[in-house]
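Peer 1: Residues per chain, in single letters:
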Amino acid sequence: MGTALPPGPEPPRRYFSLFELLLLAMLAALIVVANFALRFPIRMPGHSGVVWMALLVTAATVVPKRGAATTAGCISGVLAAFVGIGDRGALDTVLSYAAAGVGVDLGMTVLGRRARVASCVVAGALGNLLKLATKVMLEVWIGIPTGFVLLGRLYPAATYTLFGLAGGYLGFLVVGALRRAGFFAYVAEKR
Amino acid sequence: MSRPAQATAVIAARAAAFRYAGQASAVGPFDFAAAAGEFHLISGPSGCGKSTFARMLCGLVPHLYRGELAGQVHIGGRSSDTAPLWWLTTVVGFVAQNPRAQLLGSTVRDEIVFGLENLGLSRRAAHERLDHTLATFGLECFAERDPRSLSGGEQQRLILAAVMARQPRALVLDEPLAMLDTASAMQAVSELGALRHQGCAITAFEHGPALLAGVDGLQRLALPAAEPSDEDFPDLAMEVPPFRVVVNGLRVELGGRPVLDGIDCTLAGGRVIAVVGDNGSGKTTLLRTLVGLQAYTGRVNTLASDSHHTPRLGLCFQNPDCQIFNASVRQELRFGLSEIDEDFYRSVVRLLGLVRYEQTPPLLLSEGEKKRLALATVLLRPGLSGICLDEPTLGQDAHQRRFLGRILKHLTAAGYLCVIATHDVEWAVKWSDEVFLLQAGRLTTCEHPRATLSREESGTAVRNCDYVPKGFPLPPGEGQGEGIRCPTTSPHSSPRFPRTSSSGE
Amino acid sequence: MMRPRAQCELPRDSFLRRADPRTKLFLCAATSAAVMLPLAHLAAVLTAYSLLILAARIERQVLAQLRRAVVLLIVLFVADWLWIGLDFATLIAARLILLITGFSLFFATTTPDELQAALEQMRAPARLAFAFATAYRFLHLLDSEWREIVEAQQARGIVVPALSWRAPRQSLARAMAIIVPAVVLTTQRAWSITEAAAARGFESPSRRSSRRLRLSRVDRLLLTAAVGVAVCLLAYR
Numbered sequence: 001m002g003t004a005l006p007p008g009p010e011p012p013r014r015y016f017s018l019f020e021l022l023l024l025a026m027l028a029a030l031i032v033v034a035n036f037a038l039r040f041p042i043r044m045p046g047h048s049g050v051v052w053m054a055l056l057v058t059a060a061t062v063v064p065k066r067g068a069a070t071t072a073g074c075i076s077g078v079l080a081a082f083v084g085i086g087d088r089g090a091l092d093t094v095l096s097y098a099a100a101g102v103g104v105d106l107g108m109t110v111l112g113r114r115a116r117v118a119s120c121v122v123a124g125a126l127g128n129l130l131k132l133a134t135k136v137m138l139e140v141w142i143g144i145p146t147g148f149v150l151l152g153r154l155y156p157a158a159t160y161t162l163f164g165l166a167g168g169y170l171g172f173l174v175v176g177a178l179r180r181a182g183f184f185a186y187v188a189e190k191r
Numbered sequence: 001m002s003r004p005a006q007a008t009a010v011i012a013a014r015a016a017a018f019r020y021a022g023q024a025s026a027v028g029p030f031d032f033a034a035a036a037g038e039f040h041l042i043s044g045p046s047g048c049g050k051s052t053f054a055r056m057l058c059g060l061v062p063h064l065y066r067g068e069l070a071g072q073v074h075i076g077g078r079s080s081d082t083a084p085l086w087w088l089t090t091v092v093g094f095v096a097q098n099p100r101a102q103l104l105g106s107t108v109r110d111e112i113v114f115g116l117e118n119l120g121l122s123r124r125a126a127h128e129r130l131d132h133t134l135a136t137f138g139l140e141c142f143a144e145r146d147p148r149s150l151s152g153g154e155q156q157r158l159i160l161a162a163v164m165a166r167q168p169r170a171l172v173l174d175e176p177l178a179m180l181d182t183a184s185a186m187q188a189v190s191e192l193g194a195l196r197h198q199g200c201a202i203t204a205f206e207h208g209p210a211l212l213a214g215v216d217g218l219q220r221l222a223l224p225a226a227e228p229s230d231e232d233f234p235d236l237a238m239e240v241p242p243f244r245v246v247v248n249g250l251r252v253e254l255g256g257r258p259v260l261d262g263i264d265c266t267l268a269g270g271r272v273i274a275v276v277g278d279n280g281s282g283k284t285t286l287l288r289t290l291v292g293l294q295a296y297t298g299r300v301n302t303l304a305s306d307s308h309h310t311p312r313l314g315l316c317f318q319n320p321d322c323q324i325f326n327a328s329v330r331q332e333l334r335f336g337l338s339e340i341d342e343d344f345y346r347s348v349v350r351l352l353g354l355v356r357y358e359q360t361p362p363l364l365l366s367e368g369e370k371k372r373l374a375l376a377t378v379l380l381r382p383g384l385s386g387i388c389l390d391e392p393t394l395g396q397d398a399h400q401r402r403f404l405g406r407i408l409k410h411l412t413a414a415g416y417l418c419v420i421a422t423h424d425v426e427w428a429v430k431w432s433d434e435v436f437l438l439q440a441g442r443l444t445t446c447e448h449p450r451a452t453l454s455r456e457e458s459g460t461a462v463r464n465c466d467y468v469p470k471g472f473p474l475p476p477g478e479g480q481g482e483g484i485r486c487p488t489t490s491p492h493s494s495p496r497f498p499r500t501s502s503s504g505e
Numbered sequence: 001m002m003r004p005r006a007q008c009e010l011p012r013d014s015f016l017r018r019a020d021p022r023t024k025l026f027l028c029a030a031t032s033a034a035v036m037l038p039l040a041h042l043a044a045v046l047t048a049y050s051l052l053i054l055a056a057r058i059e060r061q062v063l064a065q066l067r068r069a070v071v072l073l074i075v076l077f078v079a080d081w082l083w084i085g086l087d088f089a090t091l092i093a094a095r096l097i098l099l100i101t102g103f104s105l106f107f108a109t110t111t112p113d114e115l116q117a118a119l120e121q122m123r124a125p126a127r128l129a130f131a132f133a134t135a136y137r138f139l140h141l142l143d144s145e146w147r148e149i150v151e152a153q154q155a156r157g158i159v160v161p162a163l164s165w166r167a168p169r170q171s172l173a174r175a176m177a178i179i180v181p182a183v184v185l186t187t188q189r190a191w192s193i194t195e196a197a198a199a200r201g202f203e204s205p206s207r208r209s210s211r212r213l214r215l216s217r218v219d220r221l222l223l224t225a226a227v228g229v230a231v232c233l234l235a236y237r
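Chains as they are written, first to last, in this note's numbering: chain A, 1 to 191; chain B, 1 to 505; chain C, 1 to 237.
Hints listed in this document are in silico derivations from the structure and should not be mistaken for laboratory results. A few of these clues could be false.
[Said to hold, decoys possible] Derived list of chain B stretches under chain C, where covered just means 3 residues or more per stretch with a C-beta under 8 Å from a C-beta of chain C:
(1) 95-106
(2) 321-332
(3) 335-344
[Said to hold, decoys possible] Quick list of the computed label-pair ranges, beta carbon to beta carbon:
(4) B/Gly77 / C/Arg211: 33 to 39 Å
(5) A/Asp87 / B/Gly22: 42 to 48 Å
(6) B/Thr136 / C/Glu59: 30 to 36 Å
(7) A/Thr109 / B/Ser149: 41 to 47 Å
On a predicted model such as this, the values are computed, not experimentally measured, just so you know. Heads up, the beta-carbon is just placed ideally off N, CA and C, and yes, glycines get one too.
Turn these sequences into a full structure, and let the hints steer you where they fit.
Peer 2: In C-alpha cells, the structure reads:
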C-alpha cells in the first residue's frame with residue numbers, strides 16, 4: 001500500500017487561492033441561476049443588471065482582490081453562453097458579462113473595496129454601463145453607423161445606469177447582511 | 001487523552017493543538033498514533049474538536065485553515081506543517097461527512113481519475129489502477145453514470161474508492177456514516193474493515209459509535225468535553241385544539257416515477273410520528289406533500305374539532321442555512337412577523353434553548369443550534385398546528401438528539417402534531433408514538449414501536465429489512481406486545497437492500 | 001427551472017460532436033472575424049457556415065437564437081434601407097446574423113468537460129479549467145438549492161419572489177432573504193470542493209491530465225476547408 005512519490009516542493013503561491021478561485025466560479029454560477037430565478041415585472045433594457053451587479057459586487061467584496069469581479073464576470077459570461085442567455089449570441093454574452101466584471105473591479109479599485117455604499121453603487125453602475133458599451137462596440141464593429149448606434153442607446157444608457165446603481169446598492173445590502181450574520185468570520189478562517 | 005507516539009506510526013500527533021485565526025481558545029492538545037492495520041474510533045460530543053482533529057491528522061489543518069498549529073503532527077515521517085499538502089495526501093486519504101459535497105467529476109470514472117491524475121502516473125498505470133478500483137469497490141456498472149444520480153451509500157462508496165485509488169497508507173474519516181441509512185452504513189463499515197485488513201490505518205471520527213462497535217480489534221478513544229446538563233423546559237404558552245390529518249390514496253410522481261404509491265394513513269395532533277426509510281424512499285416527499293409544497297393525487301384532509309380552527313403544518317428543512325440571513329437570532333426569529341405574541345415568543349425561545357443566543361449572529365451557531373433556530377422560526381408562524389422536520393438528527397450528538405426528543409414531547413403535550421423524517425431508527429423508536437416505514441413508495445405503520453420490535457414474527461418490515469442495528473436493546477418483558485396496525489404488503493424477506501437503489505427524492 | 005442548453009440540446013448524431021473543441025473554437029473565431037468582409041465575401045462565408053450548421057444538424061438551435069433577435073434585425077434593416085440603401089442594409093443584417101450565430105456551433109456541440117480538456121491542452125491553468133467545469137457541474141444543484149431556499153422562506157411566511165417597483169423596500173428585503181442564504185450555501189459548497197480537491201492532491205506539481213485531445217480526420221477536414229475558404233476569399237478580393 002502506498003504510492004512512493006518523492007517529497008517535492010511546495011506549489012508556488014498563486015494570486016487566487018484554490019478556494020478563492022472556486023468561490024468566484026461558484027458565485028458566477030449563482031449569478032446565472034439567479035438570472036433565471038429572480039424575475040422583474042418590468043422588462044426594461046438592462047434590468048438583469050440588478051441581480052448580476054449585486055452578485056458581482058458581492059464577489060468582489062468576499063474575495064477582496066483586484067480581478068475578482070473580472071474573473072467572476074468572465075466565468076459567468078461563458079456559463080451564460082452555455083445555458084443560452086442573451087439575445088445577441090454567445091460572443092456578445094461572453095464579452096458583455098466579462099466587461100461587467102471589469103467595470104465592477106474598476107469601480108471597486110478606484111473607490112475602495114471596503115463595501116461602502118458609494119463604491120458598491122458606483123461599481124454596479126460602471127459594470128452595467130460597460131456591459132452596454134460592449135454591445136455598442138460590437139454594433140460599431142460590424143459597421144452600423146456610430147451616430148445611429150448612439151442615438152438608439154440614449155434610453156438604454158439611462159436604464160442601464162439606473163439598474164446598475166440598484167444592483168450595486170443591493171450588493172451593498174447583501175454584503176452588509178452577510179457581515180452582520182457572521183459570514184466573513186466563517187470565510188476568514190479559510191485560506 | 002494520551003497515547004504515546006510510535007516510531008512506526010503512519011500518523012503521530014504529540015500535544016497537537018490548533019487555534020483558528022481570530023479565536024481566543026485552541027482546539028486540543030491531542031496525542032495520538034495510528035500504525036498500519038489499526039482501526040481507531042474517536043468519538044465525542046459536538047464542539048469537542050473532532051472535525052479539527054480529523055483535519056490535523058491529514059494535513060488539511062494548517063494548510064487550508066488560517067491559524068496557529070502547536071505541538072507536532074507527523075504524517076509519513078514528515079512534519080505536517082512543513083511538508084507540502086499534496087505530498088501529505090499521498091500518505092493519508094480523507095473522507096468528509098457529506099459524500100455529495102465531495103463529488104468532483106462528471107462520471108464515476110472521472111471521480112476516481114481525478115485523484116490518480118495528481119499522482120503523476122503514466123496513462124497506462126492510471127488506467128490499470130482505475131480498472132482495479134472499479135472492480136474492488138463494485139462500481140464497474142456505474143462507471144459512466146453521473147455520480148449525483150447515485151444513492152447516498154453508493155456515493156460514499158465512490159468517494160472511498162476515489163480516495164483509496166491513490167493507495168494511501170492511512171485513511172481519516174470525519175463522520176462517514178452520518179448521512180447514510182442503516183443498511184448503507186453497515187456496508188460502509190464492512191468496506192472499511194476490509195481496507196484495514198489490507199494494512200491501511202483507519203481513523204474514524206463519529207458521534208455515536210453504535211454501528212462501528214462490532215468492528216474487530218477496534219481501538220476507541222473519547223475526546224473530553226463538558227457534557228451539557230439536560231435543561232428544564234417551560235410550558236409552551238399555546239394550546240392546539242385536537243385535529244387529524246387523513247390521507248387517502250396519496251400518490252406522487254417525480255420524474256415520471258412513482259415515489260409515493262397509494263399511501264393511506266391518519267396523523268393525529270398531540271403525537272410524534274417518525275417516518276423512516278432508505279435514502280430515496282420518499283420521506284421528504286411525504287413531508288412536502290403534507291405541508292402543501294408537493295403536487296399529488298389522492299386526498300389529504302385536515303379534520304378539526306374546532307370549526308373555527310384550520311390546522312396547518314409547517315416544514316423545517318434539512319439544511320437550516322437555507323433560511324438564515326439576519327444579523328442576530330432575535331432578528332431572525334422576528335423577521336416577517338407583523339404581530340408577535342410576546343408570551344408565546346418567550347416560551348418558544350426558552351423551550352428551544354435560544355435565550356442565551358438571541359444577540360448572536362446565526363451563522364456562528366453550531367449545526368444543532370441552527371436547526372433549533374430554524375424550528376423556532378417555523379413555530380412562531382401564526383396559526384400552526386403541527387410541524388414536519390426533515391432529518392433533524394443528522395450529524396447531531398446524543399445530547400442534541402435527546403434535547404430534540406424532549407422538545408417534541410413538549411410540543412405534543414401542547415397538542416402539536418410532529419412528523420419527523422429520519423433514518424435514525426434508534427431515535428425514532430425511542431421518541432416517537434408511531435413509526436411509518438416507507439418502502440418502495442408504500443407505507444407500513446407501526447404503532448407502539450418499542451413493543452413492535454420484540455415480536456419475532458411481526459410483519460415488522462422494520463426488522464426484516466435490517467433497519468434494526470445488530471445488538472439493538474429490546475425493551476424488557478414486552479414479548480407479547482400489542483398488535484400492530486400493518487402491513488398490507490408482505491414482509492420484505494431479503495436481508496439487505498439492493499445495492500443499485502438510486503436516490504429519487 | 002433552468003435547463004443548461006448544452007446538456008439538453010446536443011444532437012447526438014452531429015458529426016461536430018466528435019470534432020475537437022479547439023477546432024470548433026477556431027472555426028467560430030474565424031467566422032466571427034469574417035464579419036468585416038465585404039458583402040460578396042460575406043455571402044460566401046455565410047453560405048459555407050450555413051452548410052456546416054446543416055451538416056451538424058444544429059439548425060434548430062441556431063434558428064432559435066435568431067428568433068430572439070428578429071425584432072432588432074428587422075428594425076435595423078428597415079432603418080438602414082431608408083437612410084442609406086439596400087446594399088448597406090443587407091450587409092449589416094448579414095454581419096449581425098453572423099455575429100449572433102458565430103459561436104452557436106461551439107456552444108451547441110461542446111460540453112463543459114470538453115472545454116475543460118481543451119483549455120488544459122491550450123496551456124490554460126488547470127485550476128481555472130477545473131473551477132469553470134465545477135461551476136458548470138453545480139449549476140443544477142445551485143438551482144435546486146435556490147428553489148429550496150424560496151420554499152423554506154415561504155414556509156416562514158416570506159412571500160418570494162414577488163418583486164415590485166411599487167414596494168422597493170419590501171422587494172429588496174425579499175430579494176435579500178433569498179440571495180444571502182444562497183451566497184452562504186454557495187460558499188459552503190465551494191469550501192467542500194476545495195477540501196475534497198486538496199485532499200486528493202490537486203495542486204501536485206506532478207499532475208498529469210488524463211484528458212488527451214487529438215485532431216481526428218474530421219478536424220483536419222474542417223481545418224483544411226476553413227483555410228481553403230480563407231484563401232479563396234483573399235484571392236478573389
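Peer 1: So, for every hint listed, does it hold in this structure?
Peer 2: Taking the hints in turn, this is what the structure says about them:
no.	hint	in the structure
1	95-106	holds (count 7)
2	321-332	holds (count 5)
3	335-344	holds (count 3)
4	B/Gly77 / C/Arg211: 33 to 39 Å	34 Å, holds
5	A/Asp87 / B/Gly22: 42 to 48 Å	47 Å, holds
6	B/Thr136 / C/Glu59: 30 to 36 Å	47 Å, violated
7	A/Thr109 / B/Ser149: 41 to 47 Å	44 Å, holds
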